[in-house]
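Residue numbers (our numbering), protein chains in the order written: chain C, 28 to 560; chain F, -9 to 348.
Hints are computed from structural coordinates only; laboratory data are not their basis.
We put the CB at the ideal spot given by N, CA and C, even for glycine.
Each hint should be verified, as a subset may be incorrect.
Stated by the list, open to error - Computed cross-link-like contacts, DSSO-like style, restricted to lysine-lysine with a CA-CA straight-line distance of at most 30 Å:
#1 F:Lys210 with C:Lys393
#2 C:Lys292 with F:Lys7
#3 F:Lys134 with C:Lys336
#4 C:Lys475 with C:Lys350
#5 C:Lys408 with C:Lys225
#6 C:Lys225 with C:Lys515
#7 F:Lys75 with C:Lys295
#8 C:Lys118 with C:Lys350
#9 C:Lys241 with F:Lys210
#10 C:Lys204 with C:Lys515
#11 F:Lys234 with C:Lys350
#12 C:Lys408 with F:Lys210
#13 F:Lys233 with C:Lys393
#14 C:Lys257 with C:Lys292
#15 C:Lys257 with C:Lys241
#16 F:Lys7 with F:Lys75
#17 C:Lys292 with F:Lys132
#18 F:Lys132 with F:Lys233
#19 C:Lys350 with F:Lys58
#20 C:Lys350 with F:Lys75
#21 C:Lys225 with C:Lys393
#22 C:Lys213 with C:Lys162
#23 C:Lys408 with C:Lys393
#24 F:Lys233 with C:Lys336
#25 F:Lys234 with F:Lys210
#26 C:Lys350 with C:Lys225
#27 F:Lys134 with C:Lys163
#28 F:Lys234 with C:Lys51
#29 F:Lys234 with C:Lys337
#30 F:Lys233 with C:Lys337
#31 C:Lys295 with F:Lys210
#32 C:Lys118 with F:Lys234
Claimed, not checked - Where chain F lies over chain C, by a calculated footprint (3+ residues, C-beta under 8 Å):
#33 339 to 353
#34 372 to 384
#35 484 to 490
Said to hold, decoys possible - Sample of chain C residues with no beta-carbon within 12 Å of chain F, all distances over it, derived:
#36 Thr198
#37 Glu203
#38 Asp254
#39 Thr330
#40 Leu332
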Amino acid sequence: MTEQYAIECRQITKAFGSVVANDKINLTVRYGEIMALLGENGSGKTTLMNMLSGIYHPDSGSILIGGKEVSINSPVDSKNLGIGMIHQHFKLVDVFSAMDNIILGSHGRRLNRKSLREKIEELGHSFGLEIEPEKKIYDMSVSEKQTVEILKVLYRGAQILILDEPTAVLTPQETEKLFAILRRMKEQGCAIIIITHKLHEVLAISDRVTILRKGKSIDTVVTGECDEKKLTELMVGRPISLNIDRPRMENRETILKVVDLTVEKSDKTIALDDISFDIRTGEILGVAGVAGSGQKELCETLTGLMVAKKGAILYHKENIVGKSPAEIIRLGISMSFVPEDRLGMGLVASMGMVDNMLLKSYSEAKGPFVERGPARELAEKLIDKLGIVTPGVDMPVRLMSGGNVQKVLLGREIESSPQVLITAYPVRGLDINSSYTIYELLNEQKKKGVAVVYIGEDLDVLLELSDRIMVLCHGQVMGIEDADRLTKEQVGLMMTGARAEEVLGAGDDRVQKSDECMDAPGCVSDEGEEEKA
Amino acid sequence: MKEPLIRVVKKAELGRKETLILRLEAILLALVAGGLFILCLGQNPFVIYQTILTGALRSGMAIQATVKIAIPLLIASLGVTLAFKMRFWNIGAEGQIIMGGVFASYFALFHSGWNHWLLVIVMFIAGAVGGGLWGLIPAWFKTKYDTNETLFTLMLNYIALNVIVFLREGPWRDPGSQGYAKIARFDKNASLDRVFGIQFGWIIALVLLVLIWIYMNRSKQGYEISVVGESQETARYAGMNVKKVILRTMFLSGAVCGIGGMVQATGSDVTLTTAVAGGVGFTAIIVAWLAQLNPPAILLVTILFSILEKGSSVVQSSFGLSSDCADVLQGIILFFILGCELFIRYKFVFRGKGDVRA
Ligand SMILES: Nc1ncnc2c1ncn2[C@@H]1O[C@H](COP(=O)(O)OP(=O)(O)OP(=O)(O)O)[C@@H](O)[C@H]1O
Ligand SMILES: [Mg+2]
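For reference, chain F alone in the conformation it holds in the complex (with noise of 0.2 Å):
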C-alpha cells in the first residue's frame, strides 16, 4: 500500500506555553518571508519594516491616523464575537456595518439641526438599530426555516450596499454635486466631536470593548451564547430558549458593528459613500478568529493590524511602491500567522517514521 510522503495528523491540545512559543515562530517567519519579497523589490528589508512601524508612530498625526483605522475593526470584530460564540457564523458584519451608517446618515442629513448631544445620541442608536435589524434578517430566518447563515448574511452584504447605491443616485444625492452622484457632506453639528484629535469614536470602541468582555464572561445571557454554541440540545435541557438567544445574540452582534458604521460614517467620512464598510467586515472575521474570540486579544489583534495598514500606505508613498505591493506584503504576513493556527492544531508527519523499527 502506497502511504503518502506527507500527512496531516490533528494534534492533541497543546498548552499554553507551547501555542505561545509557535505563534511567535511565525510572526519571525512570517518576517522573514516578507523580507525575502522585499529583497527581491530591491529594496532593504529592514528599512521598510522599519518605515512601517514609524510610518504608523511617528508623529502624533499618524497615530492619529492608525487609531482611525482601528476604530470601526475594532468594533466590528466585537460585533462578529459575539455571533461567533454562539456559533453562528455571521459574516454579514460588512452589510450590518452599511445599514448601521445608513440609519445614521438618515438623521445627520435630515435633521442636522437638533441639539448636538441629542442628534448623536439619537444617531448612535438609529445605528445600533439599523445593523441589529440587518443581523436579525438571517437569524430569524435560521430560526423559522433553519436557512444557511453563512449564505444568507453574505448575501446581505451585497443588498445593503446596493442600498446605499440606490440612495446616493436618487433619494439621498446631494443637488449641489455636479458630474458624479454622492451624498452631501454632513453637517458640522452632525459629525462626531473629538477628542486628542481623534474622533471620539475610539472612546466608544473601548467601552464596548469593556461591556462586551464583561457581557460574555459575566453575564447570564453571555453564559446562554456560549451553551447555544456548544449545543442547542444542550441548551434546551437547561431551559434555555434557543430561538430567542439566537435572534437576542445576532441583533446584538449586528448591533454592535452598525454603531461601527455610524462612527466611520459620522466620525470620519463624515459622509455616507459606498467604502463606509470598506472591507472591515471580513477583516474583523480574521481579527475574532486570530484573538480566538478573546476581547482584550482583539484590541492587541486590531492595533498590530492597524499598524500594518497605516505602516504600508507610508511605505508606498515614502518609496514609491505601488500599493499592490504593500497588499502582497501584507498577504504575505497574514498568510504566515493565520498558516501557524494550522500547525498549532496539526502536526505532519513523515513517511517511514511510523513503519517498524526493527
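So here's chain C without its partners, still in its complex pose (with noise of 0.2 Å):
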C-alpha cells in the first residue's frame, strides 16, 4: 500500500430491488483533506454516506477505515470506527440541552456538569464553534443545531466526518462559519466528505471532487484544476446553459393585494409588522430576507394556515383573510413551501407519487370516491417532464431522494394551474440541472399569466430571477424595488434593516421603468456570472 487513506471504498454496489443505487463505486479520502461528493438527484450520494455510516450494508465492495478492512453492521460500529455523519434532518432531542444532546450517547465516565461544560467549551473553542451548552434545542436556530451536532461529533473523537447536505439550509453568511470551522478540522488532520449541489461552496471547500453520475463513480478531479463549467459538465454528461431568462410581460395586473397586514406566531411574537404589498399577473415577485423573517408566516397567511391579526389580503378585490385553507385552495392560490425538512409539510412520506397527487385536489372528484386514474397519469407525466428518478410511481415519496421529492412537490402544484403560485426555496437540495428546469417552470408560469412569488436564498438567482424584488427583514418590509434597479449588495444591507430608500440614496434617478430596461439579464449580478455561451 502506497497511501494510507482515511477512507477507501472499493467497488462498492448497493441495490434497492432493481434500483441501483450505487454501482462499483471507488472513493478514497485522505486524512486532512476535504472531498466533495458531487452528483444529480438520486445518483446515490446519501446511500453511499449511509454504508459508511452503518444505515445499510453493501451488497458487495469492499470498506477500508484507516487502511483496514472493515465491515460496518450498524451506526455504532460506525461510531466506533471514529465516523461521524451529520445528516439532513438532525437527530437532536429537543427538549435536551446542547450540553446533554452532546453526551448522549456516548459511554465513559460522567463528568460533573461544570467541568463538562469547560470540556465542551473548550473543544468547542480549538475548532472555533460559538456555543451555549445549557441552551435547549428548541431554542436554537438551524445553525446552531448542526454546531450542536458537529461538537457532537467531535465529542466522541471522530477523525472522520461526513456532511450530506449541510449548507442546503444555511444562509451565505453561516455557510462561511461552517466553512472555517470544517477548515480548522482539516487542519487538525480530519478528513471530510462534503454532499453539496452548490458549485461555489464545492469550489470554496474541497481539495478534491468525486463526481457520481446514475450510481457510478465517473471520475474524481482536484479542485484547484476546475471551474463550474467543468464541474457541471461531468455531473451531467453534456455542457448546459447557466443563464436564467427573464421574459417580461405586457398587462401585468394586480391580482393579489396584501394591506397592512400582522400576523403573530403562537407566542404572540409578532411575524409579520405591518406590511403591505401587491402581487401581479405575468410577473415573479421574489421575497429576500434572512431566515426567519417572516417567510414562513407570510406563505402561510396567504394560504390560511395562519389567521392574520389585523389587516386584509384582497385576491380580486376581495378579502380572503379568515377564508378556510380549503376556500383558498379553490380560488386558486397555491402554496408550495419546501422546509428544512423537506418532507415536512405538502407531502405524505408514506404515500407514493400517485395518493401524493391526489392531496389537494381529491375532493374536487364527483362522489364519495377518489379519483387515482387520472392522478396517475399526472404522475407519469411529472416524471417524464422534470425527469424524477424512481423505480415506480406507487413506491413512498420517503424513499425517493431528496430532490426528486421536491420535483414532486413543485411538478404539483405547477399542474394544478393555479393563479397565484407561492413557492419558497423551491431549490433547496435540487442539483444544478434541476434546478434550472424549476426556474425555467416558474418562468413558463409567469408567461401564462400566472403571479409568481419566489422565496428564495440564493440573492444570485433572486436578482436574474425576479421582476420584482421585495426585502423582508424581522417582519418588516424594507423595500420593495425593480430587480434590476439593484445590486446584490443592496439588497445584503436591506436584508440586515437598512431601508430601500437610504440604500438606494436620496439620488432620483427613478426614470420610468419599462419594457426596455431588461436586454441585460443578469447584469446586476457581480459575482462572475457572465455570460456562459
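Once you've looked at the hints, go ahead and assemble the two chains, each given alone in its own frame, into the complex.
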C-alpha cells in the first residue's frame, strides 16, 4: 500500500430492488483532506454515505478505514470506527440542552456538569465553534443545531466527518462559518466528506471532488484544476447553459393585494409587522430576507393556514383573510413550501406519487370516491417532464432521493394551474440541472399569466429571476424594487435592516421603468456570472 | 469501551417475500415451542394440535361455534382499524362494544313488541350510535384540549362496564330472577335470526368488512384518514378540516365496535351481561396490528384466532387440561407471532462483528 487513506471504498455496490443506487463505486479520502461528493439528484450520494455510517450494508465491495478492511453493520460500529455523520435532518433531542445532546450515547466516565461544560466549551473553542452548552435545542436556529451536531461528533473523537447537504438550509453567512470550522478540522488532520449541490461551495471548500452519475463514480478531480462549467459537465454528462431568462410580460395586473397585514406567531411575538405589497399577474415577485424574517408566516397567512391579526389580503378585490385553506385552494392560490426537512408539509411521506398527487385535488372528484386514474397519469407525466428518478409511481416518496421528492411537490403545484403560485425555497437541495428546470417552469407559469411569488436564499438567482424584489427583515418590508435596479450588496444591506430609500440613495434616477430596461439579464450580478455561452 | 454482547439495530425495509418467510418461520417456531410445553404436560403435541384443528372445525356445530367467536372479534378489529389508520390510539373498543350493547338492549328489553325487522334495524342503529358516541367523547376532548387518547379511551372502558353493573343492579334488573341480579333474557322477537344455523351477525360482519375496505382505500374520507394519520400539518395544508376528520373517524370507529356489541348481545348472548365484550376489544387491537390494518388480512387473522380459541377449549375438555394450560399455550403461540414483528423491524448484531477485520 503506497498511501494510507482515511476512507477507501472499493467497488461498492448497493441495489434497492431493481434500482442500483451505487454501482461499483470507488472513493478515497485522505486524512487532512476535504472531499466533495457531487452528483445529480438520485445519483446515490446519500446511499453511499449511509453505508459508511452503518445505516445500509453494501451488497458487494469493501470499505477500508485507516487502511484496514472493516464491516460496518450499524451506526454503533461506524461510531466506534471514528466516523461521524451529520444528516440532512438533525437527530437531536429537542427538549435537551446542547450539552445533554452532545454527551448522549457516549459512554465513559460521567463528569459533573461544570467540568463537562468547560470541556465542551474548550473543545468548541479549539475549532472556533461558538456554543451555549445550556441552551435548549428547541430554542436554536438551524445553524446552531448544526453546530451541536458537529460538536457531538467531535466530542466522540471522530476523525472522519461526513456532512450530507449541510448548507442547503444555511444562510450564506452561516455557510461561511461552517466552512471555517471545517478548515480548522482539516488542519487538525480530520478527513471530511461534504455533499453539496452548490458548485461555488464545492470550489471554495474542497480539495478534491468525486463525481457520481446514475450510481457510478465518473471521475475524481482536483478542485484547483476545475471551474463550475467543467464540474457541471462532468456531473450532467453534457454541457448545459447556466443562464436564467427573464421574459418581460405586458399587461400585468394586480391580482392579490396585501394591505397592512400583521401576523402573530403562536407565542404572540410579531411575525409580520404591518406589511403591504401587491402581487401581479405575469410577474415573479422575489422575496429576500434572512431565514426567519417572516417568510414562512407570509406563506401560511396567504394560504389560510395562519390567521392574520390585522389587515387584509384582497384577491380580485375580495378579502380572503378568514377563509379556510380549502376555500383558498379553490380560488386558485397555491403554495409549495419546501421546509427544512423537505417532507414536513406538502407531501405524505408514506404514500406514493399517485396518492400525493391527490392531496389537494381529491375533493374535486364527484361522488364519495377518490379518482386515482387521472392522478396516476399526472404522476407519470411529471416523471417525464421533470426527469424524476423513481422505480415506480407507487413507491413511497419517503424512499425517493431528496431532490426528486421536491420535484414531485413543485410539479404538483404547477400542474394544478394556479392563479397565484407561491414557492418557498423550491431549489433547496436540487442539483444544478434540476434547479434550472425549476426556474424555467416558474418562467413558463409567469408567461401563462400566473402571479408567482418566489421566496429564495440565493441572491444571485433572486436578482436574475425576479421582476421585482421585496426584502423582509424582522417581519417588516424594507423595500420593494425592480430587480434590475438593485445590486446584491444593496439587497444584502436591506436584509439586515436598511431601508430601500437609504440604500438606493436619495438621488432620483427614478426614470421610467418599462420594457426596455431588461435587455441585460443578470447585469446586476457582480459575482462572475458572466455569460456562459 | 464496553460494547454490549448483542444490540438491536433498526433494519432497512424488508421486501414482501422476506417478510412472508419470516412470518412463516415464526408460526413454525410458535408451534415447536407450544409443542415443547405440551410435552412437559405429558401429552403428545401432534395429537393436541390436531385436536385444536378438528375441535374447531370437525363438525357443523363446531364450525358454528368457531364462527360465533369470530363475529364480534372481526367487527371490533375493523372498528379499531379505522382509528389506528389515523394514528388515534383507540384502546377503548371494549367500552364501545359495551355501549353498543347497552343501547341496543334498551330496545330489546322495552320495545320487544315492535315489528321484528323494524326492531332489528332500530337495534342496529342504536348499537352504532351508542358505540359511536362512546368513541366520540375521547375524540372531542382530544380536539378541544389535546388530551391523551390512550388513557382516555382506556378509562372509558371501566366506566362502560360499570354502566352495565348499574343497570343490572337497578333499573334493568330482572324481577323474575332470584338470588343474584341479572338482566332479563331478551324476547325471541328481539334476537337476531339465524342463517345456516349461526346468528345473522356473520353476514353483518362480512358486509362491514367489504364496506370498510372500500371506505379506507377508495373513498375521499378514507384518504383523509390516511393523511391525517401521517401528518396533521400536511392535512391542514391540503385544506382538510382535521378536527372534523378526527371526530368523524372516531365516531365511525366506535360505531363499528358498537355494532359488534349489538350483535353479540342480541345474536349470541340474547341478554346483556358484563361479559358482552369479554376482552374482545383488546384482542381486536392485536388482530388489527397483526393484519397491518388491512381488512382482508383481518379476516384471516380473526379466523385463526377463533380456531385457536375454540380448539383449545375442546382440548381442555377432552384431555382434562385446566383452562390455564390452554391459556398458556395460546400465550406461547401469540408470543412468537408477535415477537416475529420485532425481527421484521430490527436485527440483532453480536459483539465483534463490527470490529476491524484485519
Ligand atoms: N431505501 C430505499 N429503497 C428504495 N430505493 C431507494 C432507497 N434509498 C434510496 N433509493 C433510491 O436510490 C437512488 C439514490 O438515492 P440517494 O438518496 O442516494 O440519492 P442522492 O444522490 O442522495 O440524491 P439527492 O441529491 O436528491 O439527495 C434513488 O433513485 C432513490 O430512489
Ligand atoms: Mg441525498
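Checklist entry - For the stretch 484 to 490 of chain C, do at least 3 residues have a Cβ located nearer than 8 Å to some Cβ of chain F? => result violated (count 0)
Item to check | Status of the stated non-contact between aspartate 254 (chain C) and chain F (beta carbon gap over 12 Å) | outcome: With a cut-off of 12 Å, aspartate 254 (chain C) remains clear of chain F, as the shortest Cβ separation is near 38 Å.
Next on the checklist: Checking one constraint from the list: CA of lysine 234 (chain F) to CA of lysine 350 (chain C), max 30 Å. Satisfied?
Outcome noted: Roughly 17 Å separates the two Cα atoms, so the pair holds.
Item to check | Holds or violated: lysine 75 (chain F) to lysine 295 (chain C), with C-alpha atoms at most 30 Å apart | outcome: violated, 34 Å
Checklist entry - Is lysine 210 (chain F) within 30 Å of lysine 393 (chain C), Cα to Cα? => result The given pair, whose Cα atoms are some 10 Å apart, holds under the 30 Å limit.
Checklist entry - Is the hinted pair lysine 475 (chain C) and lysine 350 (chain C) satisfied, with a Cα-Cα distance of at most 30 Å? => result holds, 26 Å
Next on the checklist: Minimum C-beta separation from threonine 198 (chain C) to chain F exceeding 12 Å: can you confirm that?
Outcome noted: holds, 24 Å
Checklist entry - Given the hinted pair lysine 233 (chain F) and lysine 393 (chain C), is their alpha-carbon gap at most 30 Å? => result holds, 23 Å
Checklist entry - Holds or violated: lysine 134 (chain F) with lysine 336 (chain C), Cα cutoff 30 Å? => result Holds: lysine 134 (chain F) and lysine 336 (chain C) sit about 22 Å apart, inside 30 Å.
Item to check | Satisfaction of hint between lysine 225 (chain C) and lysine 350 (chain C), Cα-Cα up to 30 Å | outcome: violated, 39 Å
Checklist entry - CA of lysine 408 (chain C) to CA of lysine 210 (chain F), is that 30 Å or under? => result holds, 23 Å
Checklist entry - Are there three or more residues in the stretch 372 to 384 of chain C whose C-beta lies closer than 8 Å to some C-beta of chain F? => result Check passed, 8 qualifying residues.
Hint violations for this structure: numbers 2, 7, 8, 9, 14, 19, 21, 26, 28, 31, 32, 35, 39 and 40, all remaining hints satisfied.
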